[in-house]
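Residue numbers (the working numbering), protein chains in the order written: chain A, 1 to 555; chain B, 1001 to 1292.
Since the hints were made in silico from the structure, they are not lab data.
To be clear about the criterion: a stretch of chain A counts as covered by chain B if any three or more of its residues have a C-beta under 8 Å from a C-beta of chain B, and this derived list gives those stretches:
| id | region |
| --- | --- |
| 1 | 64 to 76 |
| 2 | 299 to 309 |
| 3 | 325 to 332 |
| 4 | 337 to 345 |
| 5 | 441 to 450 |
| 6 | 455 to 468 |
Using N, Cα and C, we set each Cβ at its ideal position, and we do this for glycine too.
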Amino acid sequence: MTVASPNDFQDSLQPQGWLRYFSFSLDHKVIGIQYLVTGFLFYFIGGALAGVIRAELASPISDFVSRETYNEVLTLHGTVMIFLWIVPVVNGGFGNYLIPFYVGARDMAFPRLNAVAFWMIPPAGILLIGSYFITGAAQSGWTAYPPLSLTTPALGQVVWIVSVLLLGGSSIFGGINFIATVLKLRRPGLKLMQLPMYCWAMLGTSILVVLSTPVLAGTLLLLSFDIVAHTGFFNPALGGNVVVYQHLFWFYSHPAVYIMVLPAFGLVSEILPIHSRKPLFGYTTMVYSILAIVVLGLVVWAHHMFTSGTPPWMRLFFTIATSFIAVPTGIKFFNWLATLWGGKLALNSAMLFSCAFIVNFVFGGITGVALAQVPFDIHVHDTYFVVGHFHYIVYGGTVFVIFASIYHWYPKFTGRMLNEDLGRLHFLLTFVGFNLCFAPQHWLGLNGMPRRVAEYDPSFTTLNQISSVGALLMAISSLPFLYNVLVSAFKGQVAGDNPWNALTPEWLTSSPPPVENWIGAAPLVEHPYGYGVDEDALSVEAATGRDLWSGTGRR
Amino acid sequence: MPIPSSLVTLLVGMALVLSGLWVGYNVNLLPLAASANAPVYDSLFRVLFIIGTILFLGIVGLVVFSLVRFRRRAGDQTDGLAIEGNLPLELVWTAIPAIVVLFVGLYSYDIYQRMGGMSSLNDHSAMHQMPAMETMEASVTGAEGAPDPAARVWGGIGTGAGETNVLPVEVTAMQFAFIFHYPEGDITSGELHVPNGRPVELRMKANDVIHAFWVPQFRIKQDVIPGQPTVLTFTPTKAGSYPIICAELCGPYHGGMRSTVVVHEPDAYDTWLLKNSPVKATVASAPSTPTA
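Work out the full structure: start from the sequences and follow the hints.
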């Protein structure tokens, strides 16, 4: 095996400057930014698709796009947002940028695999989006349940499978890389229980990725055999079983929820202590609760199938298992609240988005525990209640954290600050728009609106229009954000190396950091959350940077 | 940090519980309850709604309070207190959610039993109890040559299971309609007509893709799965017309796949039955094309 030696970066034919972001760069920071920017491009595509859905649902009849197009749009929206936006951004994007810093390494364990993992995404994304224009996109939803996925136009469905297989492969490569990096590339002297929480979140997430994504890949391969070669794995007409597909699909796709939210939990655990000027509360319990979520997350998948003709014992088991995920998750939320308590909270955009994440996710978590109860779920399964619930988890939860993280780490990425006024405007519009869009959907679901419909009972018109207005606000909210991000890169206030006075290792180098992360040795950060005043501690102004990051002078 | 146990905390907690109870009992988010199943569901919903409201208000209150009370004043560059954890406190907020979740789980299990969800755990299939159903089943299996579908019939919930005067209705779901066939009167209909107060057993099969049978006012839903018969029982309790909605994406016209369940008073149902029952010589099974 060859190891990327330091000189490779300087002496190779690799382009330097801005061109390196379009190259097969091995630098984890470049790859991280590549993931982030690509992810945001797909976010805006997925958002436009959501706009089509909300425009269609502004009236109770199917009048905006054709019914086939509507199903293509909802399939693409789900697939793009999950596989091309949230998973790559919170794992690949922030993971690649931050994990090597956090473990005190100069790069990821497998830099070339890392670059390969990223470069699988653009072709997969282009394939997926392009299928709409060339062959017609898949129409069976992001779940692609057979027999519907066997009877809708085959070419679009096959392209969808190829695209998701590529993205799943990318995700597995990334997961292997994160596990290896966190476990094997730690700076000498750095113990596991001294790692910043995001490392633990990524370790847990990557275990889930490596265990469950291959199951999805295998399932989709079988599905493609059914479509292309007319085998009968999932085709009841040929003796197949459609419910088996659902088990296999959700064996990946429920852990996928944790693949999307655990990294967000990790990111928010980094942001809150810094802007509260307090240590992360209950580090050890936070670590164990991540591991508990990983274990429980693998044994709850059938709660997506309570109406699928599953036997009663199965419903009972998965109800209890799912409910108990609330316990480790609850611990994390209480710990964050305790981190805020008694701190010196900076009410900046990063903090506002993080606190809104807590509020949104708690709401989504409460509806989640309700949905875990079989008798409750049987009424609202496959309705807008579920749509509202999971958008509170993935948008109100993870996407809010992504925005918080952009406001928090942008100075590190670029060396310049984002404009705070625009940031708060962005926050306000997003928060109001988001709640306006998704809160009414819970009522719609309880009262009889199923999901994935282009037309609905006219009595639901008003609430759907409110929801669409919320979606419009969310679309508008991205304008100040985009302007802020693009203009601040050139005209923003110069940030300095450590604008937040943070102790985690990525801040103990220049902004943006040099190619190998630090000039000289990587710092040994034994107390990544060593904020707060003890009686005998140094005051922050009086301490030198070395005092702060080496952990001397405290305890 | 000691566990806050001041009077203020107690009062805030009491206010939270009271407001949760008030919201749970005064805010109605659910549609009309029109089956024996629905009030049971609604009581579960209320309990979850109360617990959820208390939790949500409490946590939002804490966040907002922290953001206001602990905001960084202009010019303040100092840190907060270096509190890294508190084991007793963490044990408390591990134990309380665990107890709440356990209670919710057990309670919903009880609800599930009252809805009849666990019945087929003991007597493999509720249908074996009914000789009338046996014969009908035999005719169905005979036609298809399948081994023994009863062994694979998995039910949803149903309060009517095990009762004697069950009204059997065969449901066929297809793109994009439900067809209802009444073995009793040999009626085929695009709408479901049922008498008030009598348990109904829907024996459902799908012709093409997965559909789902949902009546929001009955609080029941069951997927209709090709290659695997499913059964759903309910007892309507309020006369009226309610929507039947397909809840599983089934193709372009999924949103239009709706029907109506008409709950008649028993007399009116008998009239409907008499009026619509065809001459005995007509075809025995459901037609293959939608007639609705």
